[in-house]
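A.B. asks: The lines below spell out each chain.
2 protein chains.
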Amino acid sequence: MDIVCLIFDGITALDAIGPYEVLSRLPGARFQFVAPGATTVRSDNGAVCWTAEASIEQVSRADLLLVPGGIGARRLMSNPEVLAWLRALDLTTQLTASVCTGALLLAASGLLQGRKATTHWAFLDTLRELGATPVAERCVRDGKYASAAGVSAGIDLGLSLALELAGRDTAEAIQLSIEYDPQPPLDAGSPDKVGAALRQALFDRIRKLDKRAAAEAAERR
Amino acid sequence: MDIVCLIFDGITALDAIGPYEVLSRLPGARFQFVAPGATTVRSDNGAVCWTAEASIEQVSRADLLLVPGGIGARRLMSNPEVLAWLRALDLTTQLTASVCTGALLLAASGLLQGRKATTHWAFLDTLRELGATPVAERCVRDGKYASAAGVSAGIDLGLSLALELAGRDTAEAIQLSIEYDPQPPLDAGSPDKVGAALRQALFDRIRKLDKRAAAEAAERR
Numbered sequence: 105m106d107i108v109c110l111i112f113d114g115i116t117a118l119d120a121i122g123p124y125e126v127l128s129r130l131p132g133a134r135f136q137f138v139a140p141g142a143t144t145v146r147s148d149n150g151a152v153c154w155t156a157e158a159s160i161e162q163v164s165r166a167d168l169l170l171v172p173g174g175i176g177a178r179r180l181m182s183n184p185e186v187l188a189w190l191r192a193l194d195l196t197t198q199l200t201a202s203v204c205t206g207a208l209l210l211a212a213s214g215l216l217q218g219r220k221a222t223t224h225w226a227f228l229d230t231l232r233e234l235g236a237t238p239v240a241e242r243c244v245r246d247g248k249y250a251s252a253a254g255v256s257a258g259i260d261l262g263l264s265l266a267l268e269l270a271g272r273d274t275a276e277a278i279q280l281s282i283e284y285d286p287q288p289p290l291d292a293g294s295p296d297k298v299g300a301a302l303r304q305a306l307f308d309r310i311r312k313l314d315k316r317a318a319a320e321a322a323e324r325r
Numbered sequence: 105m106d107i108v109c110l111i112f113d114g115i116t117a118l119d120a121i122g123p124y125e126v127l128s129r130l131p132g133a134r135f136q137f138v139a140p141g142a143t144t145v146r147s148d149n150g151a152v153c154w155t156a157e158a159s160i161e162q163v164s165r166a167d168l169l170l171v172p173g174g175i176g177a178r179r180l181m182s183n184p185e186v187l188a189w190l191r192a193l194d195l196t197t198q199l200t201a202s203v204c205t206g207a208l209l210l211a212a213s214g215l216l217q218g219r220k221a222t223t224h225w226a227f228l229d230t231l232r233e234l235g236a237t238p239v240a241e242r243c244v245r246d247g248k249y250a251s252a253a254g255v256s257a258g259i260d261l262g263l264s265l266a267l268e269l270a271g272r273d274t275a276e277a278i279q280l281s282i283e284y285d286p287q288p289p290l291d292a293g294s295p296d297k298v299g300a301a302l303r304q305a306l307f308d309r310i311r312k313l314d315k316r317a318a319a320e321a322a323e324r325r
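First to last, the sequence lines map onto chains A and V. Going by this note's numbering, the first residue of the first sequence is number 105, and it counts up by one from there. Going by this note's numbering, the first residue of the second sequence is number 105, and it counts up by one from there.
Hint data in this document are derived by calculation from the structure and do not stem from the laboratory. Be careful, since some hints might not be right.
Quick partial rundown of chain A residues pointing at chain V, CB under 10 Å, derived from the structure [as the list claims (entries may be wrong)]:
#	residue
1	ALA151
2	VAL163
3	ARG242
Derived Cβ-Cβ restraints for the label pairs, each shown as a range [claimed, not checked]:
#	chain 1	residue 1	chain 2	residue 2	range
4	A	ALA240	V	GLY218	31 to 39 Å
5	A	ASP273	V	MET105	42 to 50 Å
6	V	LYS220	A	LEU195	30 to 38 Å
Derived list of chain V stretches under chain A, where covered just means 3 residues or more per stretch with a C-beta under 8 Å from a C-beta of chain A [claimed, not checked]:
#	stretch
7	144-155
8	169-183
9	249-255
10	266-274
11	300-313
Owing to the predicted nature of the structure, the values given are computational and were not obtained by experimental measurement. Built from N, CA and C at the ideal position, the CB exists for glycine as well.
Please build the complete structure, drawing on both the sequences and the hints.
C.D. replies: Put into structure tokens, the structure is as follows:
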């Protein structure tokens, strides 16, 4: 099974590393990171410097395509080469999946038109504007399209795909090997679990960054 | 706050990226990855190619030192330069933390002598052999030493440190920003939650890989 994961400047690293840590453990999996243009990219905050195995032009098929998010995904939404590559690669996949705002990138490419999908909680309305039907759930599936909510949800998505692709024993072994028995010290991982003021402040901050990234991307083209 | 995270060939990427994704969001945090020797490293399965900001000789202090695990941590356990660097850096830290088998590396450096700590479930006995007192909990704290169980437990560790360092509002905002509201499709993330045969097979496989890595490291020196 060939798993291809897009990485790019401004990626949220956990969006990709969560499902990678699960899916790369599937028996027979070949997991490859690919990037548009230069193959060395930096995460959203600059701290992770990461080199892809190949650039997107060198990769023309995948069994599973994985599209993570981050502020850089917003910039790629107006990049016609990346959108065309996503559409072309999707023609070859058994499964096409996104994590966080990776769904916005898939939607911008037209692949989620009229389909149910999810994304980071602060972008569900944006997903609707791009023609998908947003669903506020942890993992959403519509045909071969699988999407996960924000950042850490990619681990749950990875496990649900592992369960589907390789069965219960293998998925259990993977979950135990990464000791995924979550015990967060607080219960604040969903917008309905925090106070309205904190939620609104975070929403405003995230959307402001996104607006700036969209404006920069528009200027550059 | 200067956060320094060791990376190395054979790292389990999620061990580092989990707490990174949490702790790099702390207001005022400067998060830096450092590596021993060559600064470009590859993850345990080779798929993640990652370049550190600096080599360990260039970094002589940290407020928070983070030591992730993976098969490569086993190789470093017999590397005197790395063990000396850990001890020297620890003299400067407010907090010294490990994820997964990063605890074995800290223990090999002598820093966990007589201290309570945890590690990946398959290595709790090894942690005891190295002079620490193993505790089978998700996150364990002894003085300034904080340790997390296997791989994904680093996210919980990161949040507990964020709560301690920056308070509840900030920790909640970080948890919501990474939408950490875990919903694994199976409940197999802890050794007591799976069948004995699956657990034993996985234990044997992991320990066999570890034994081979230890033998290779011994030969090399």
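A.B. asks: Work down the list of hints and note, for each, if the structure agrees.
C.D. replies: Okay, the hints, checked on the actual structure:
1. Interface restraint check: A/ALA151 against chain V, minimum CB-CB distance 5 Å, threshold 10 Å, status holds.
2. The restraint placing A/VAL163 at the interface with chain V is violated, with a minimum CB-CB distance near 14 Å, outside the 10 Å limit.
3. Hint status for A/ARG242 relative to chain V: holds, with the closest Cβ pair at about 4 Å, below 10 Å.
4. Evaluation of the 31 to 39 Å hint for A/ALA240 and V/GLY218 yields a failure: the beta carbon distance comes to about 49 Å.
5. Hint check: A/ASP273 to V/MET105, Cβ distance near 43 Å, so the stated range 42 to 50 Å holds.
6. Roughly 54 Å separates the CB atoms of V/LYS220 and A/LEU195, a value that falls outside the hinted 30 to 38 Å.
7. Residues of the stretch 144-155 of chain V with a Cβ under 8 Å from some Cβ of chain A number 7, which satisfies the need for three, so the listed coverage holds.
8. Given a C-beta distance limit of less than 8 Å, the hint that chain A covers the stretch 169-183 of chain V is violated, as 0 residues qualify and 3 are needed.
9. Proximity of the stretch 249-255 of chain V to chain A, defined as three or more residues with a beta carbon under 8 Å from a beta carbon of that chain, is established by the 3 residues found.
10. Residues of the stretch 266-274 of chain V lying with their CB closer than 8 Å to a CB of chain A number 3, which satisfies the three-residue condition for coverage.
11. Judged by the Cβ-Cβ criterion of 8 Å, the stretch 300-313 of chain V is covered by chain A as claimed, because 5 of its residues qualify and three suffice.
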